[in-house]
Amino acid sequence: MSRAVLMKMSENNSDKEEQTSSKGKNISLPISRVRLIMKSSPDVSSINQDALFLTTKATELFVQHLALSSFNNGSGKDTNTLSYSDLADTAEESETFHFLTDILPKKILARDYLKSLEEMQEEDADF
Amino acid sequence: MAERPEDLNLPNAVITRIIKEALPDGVNVSKEARRAISQAASVFVLYATSCANNFAMKAKRKTLNAGDVLAAMEEMEFERFLEPLREALEVYKKGQKGKKEVSEQKRKDKEKKNDSENDKSKEDEEEEEERMEEEPEAENEAEEEEEEEEEEVEN
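One line per chain: the protein sequences are A and B, in this order.
Its first residue numbered 11, the first sequence is counted upward by one per residue in my numbering.
Its first residue numbered 16, the second sequence is counted upward by one per residue in my numbering.
Just so you know, the hints here were simulated from the structure itself, not pulled from any lab data.
Computed from a predicted structure; not experimentally measured.
Ideal Cβ positions, reconstructed from N, Cα and C, are used throughout, including at glycine.
One should not assume that every hint holds.
Unchecked claim - Okay, the calculated bits of chain A under chain B, using three or more residues with CB under 8 angstroms as the criterion:
no. : region
1   : 46-58
2   : 103-112
3   : 116-127
One chain only, chain A, in its complex shape:
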């Protein structure tokens, strides 16, 4: 684990008395990091403390929701594993997760891709 992660973890641990699990009322994700991401959004001037908290908490809920939905929806139940393809499938099939299709593209095997490329070229050649 990188030192940055360890430092972040110890930062979180120092608030241990206040944190229960992420299911509880407090949060695990570092607010400062969430703020960094939010500030990188154009047109955003300032963010009030409560908004920052809510966004962080919402992100945790989102992670839980995405993981569980993908697992239930996917083929992972047989293998007892959540895999990348479960996530990609869910992004494509579920309306709520549709905004993720760009970053969770479905994967195809290289040879299938090359094959379809060939077929496209053949069509052009025939023409």
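Using the hints, position chain B against chain A.
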């Protein structure tokens, strides 16, 4: 401070923990899936921020507030989050109130301390110079402490 690409990611250890807590016991999560969920989470933050910001701009406000974020969740079709978010916010606000009182008290104590130190400053030049060399270090330590305090208040 320049933003490095990894700074826009969320810490892997925490993401992994949240995933594990959400899934049934004993389920494995591939490394690729973990990384993908982490990236998805960052995208979620951006999307939510942009959406919340639209609400703020509509109301001619420059500061994003809690209402904007909640409105964004609804807009993004994450109504299921609204109830738990509102509850969590209540608890958070109560906690913040307590912390504020504690840190205000600390600040008052610090001010008292600084006042009494300033009274001692009538020394000869040599000693003053020595102290001036030392002071920057002490100031830095105080600044660091303040930064830490601020971080705690936020967290």
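**OP:** Determine which of the earlier numbered hints do not hold for this structure and return their numbers in increasing order.
**Re:** The structure breaks only hint 3.
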